[in-house]
Amino acid sequence: MKARSRKDVRRDQIVGVMVFLIIWEVSARLLDNSLILPPISAILAALWELIITGQLIVALSQSILLLIAGLIVATTIGFVLGALIARSRTAYWMLNPYLSALFVTPTIALVPLVLVWFGFGFPGRVTVVVLAAVVPILFSVASGLRDSPGDLIDVARSFGVKGEIALLFKVRIRAALPVLLAGLRLAAGRGVVGMAVAETYLRLGGIGGLIKSYGAMFQTDYVFASILPLSLLGIGIVSLIGRAERRLHWT
Amino acid sequence: MKDTVLDIPAIELKGIRKTFTLSEDRDAKTVLALDGVDLKIRQGEFLTIIGPSGCGKTTLLRIIASLILPDEGEVIVEGEPVREPGIKRAMVFQTFGLFPWKSVIDNVIFPLMVRKFDAAEAREIAMKHIRQVGLDKFVDAYPHQLSGGMQQRVGLARALSTGADILLMDEPFGAIDAQTRELMQEELMKICQQEQKTVVFITHDLDEAVLLADRVLLMSRGPGRVREVIDVDLPRPRFDYDVRGHETFVKVRAHLWHELRNDLVEQRAEETS
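Going down the list, the protein sequences come from chains A and B. Taking the numbering used here, I'd label the letters of the first sequence as residues 4 to 254. Taking the numbering used here, I'd label the letters of the second sequence as residues 3 to 275.
Just so you know, these hints were derived from the structure itself, not from any lab. Accuracy of the hints is not assured; some may be wrong.
[Said to hold, decoys possible] To spell it out: a stretch of chain B is covered by chain A in this simulated footprint if at least three of its residues, at any positions, have a beta carbon under 8 Å from a beta carbon of chain A; those stretches are:
hint : stretch
1    : 89-98
2    : 108-117
[To be verified] As a list, the in silico DSSO-like pairs of lysine-lysine whose alpha-carbon atoms are at most 30 Å apart:
hint : chain 1 : residue 1 : chain 2 : residue 2
3    : A       : 165       : B       : 90
4    : B       : 139       : A       : 173
5    : B       : 16        : B       : 42
6    : B       : 104       : B       : 139
7    : B       : 104       : A       : 165
[Unchecked claim] Derived CB-CB ranges, DEER-like:
hint : chain 1 : residue 1 : chain 2 : residue 2 : range
8    : A       : 71        : B       : 118       : 31 to 37 Å
9    : A       : 99        : B       : 70        : 31 to 37 Å
10   : A       : 111       : B       : 117       : 52 to 58 Å
11   : B       : 32        : A       : 101       : 33 to 39 Å
12   : A       : 250       : B       : 118       : 23 to 29 Å
13   : A       : 247       : B       : 198       : 44 to 50 Å
14   : B       : 32        : A       : 98        : 29 to 35 Å
15   : A       : 93        : B       : 70        : 23 to 29 Å
16   : B       : 198       : A       : 6         : 52 to 58 Å
17   : A       : 250       : B       : 123       : 26 to 32 Å
Positions of the beta carbon are idealized from the N, C-alpha and C atoms, including for glycine.
Model the full structure from these sequences, guided by the hints.
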């Protein structure tokens, strides 16, 4: 295949979206059942309604707050445990089974436990996001800090950097940053899933709450109008981290 | 005049011993890497260290840099016993040791920033040494954009920017192609002569060892000891005549090779028996 210019890619994407929307609109009109497949025009109208009533802004800000709080907690826990695992083989072998189990267990399966332990308020919802997001961060910290950055530690020490803490911040973390950001990108994607789960299965709220409540009322056009911003939020946050990754990578 | 400054050696090593524990899981083995090294390095002297691989050359240099501590013995720098890295010694690394996320200027300025120099002053000092190694066009380039030779120039500029009188160089030109290496040897000799640096230079290249040195230290194969220290009495500057054809050069080189060869042959015999 020939290499594609940016312009070609953009053109393909626009054509793809147009074709997709036309097929959707035509099928919706032919099917004529807005419960199963509402026409695009109805979805856009619903979206506009959500925007001007302010529902979307409120929901979106709740969701973003939850996501960010969850990712901050997950990053903190991931850093401490990841650094521990990087330093100690014993810790690695002791913790690894649980972490692997947590990684493959669907977050939704843990919701009942979170509910009893942390309740359905903000702490409970943050916990769900943390459970979804913590493992990739933890493993990326562990692998990033385990691969010692060549003789750069010697370089830093020989030029006067003293103490493990200073070396950690000046050399080890900086050298591991591309790996850490890759982990964070993965975690953000999983965090969005955890966020939607928390908002639908604990107390309703945010974008997840909108989807669930319009779903319960069988207003499919509003369901689609709420899913769209959720996807955009996920794509936005992941590509933001991806951009930071490319900037900080040195090759 | 008893106590002139020049009477104090730049570096003095007293009875340096070092063992390493190779912890291959349970059966830990200890290996004696250096067995009682005594040495005085004069101020302004260019000392090259050569020896078979595994003789502890790099270990010795890391001990002089205080990156590791000896089990026994003392490192004395300009009259003061030292136990941690200090501003009087600057190191140049075999694999260049540049921070890949820092530009040339930020790499060179690093030691000064660690020591809390004023930013403008540090930049000026760093720029001076970047110019000195001929990289003024690459101030903002990143290491991966530079050739090996250029990267090591950055490493050299960084060591010079510290203002240290003593340069510790661990096979600095080992990873550089042969022609660039010759050029860099010349430039290093020029800089060291101008600035009166004391240099400890590790190499596995016989020609390089003789070409650069005021004295060559020959180490014996493990456990590392000083086997012989040989004066290289060749006029400087050494790059404006055929130094490799000079009688002294040929004689010293032949002698070193003879000694090294014996060691290598013995080693080979032990390995195959």
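Legend entry - Non-conforming hints, listed in increasing numerical order: Every hint satisfied by this model.
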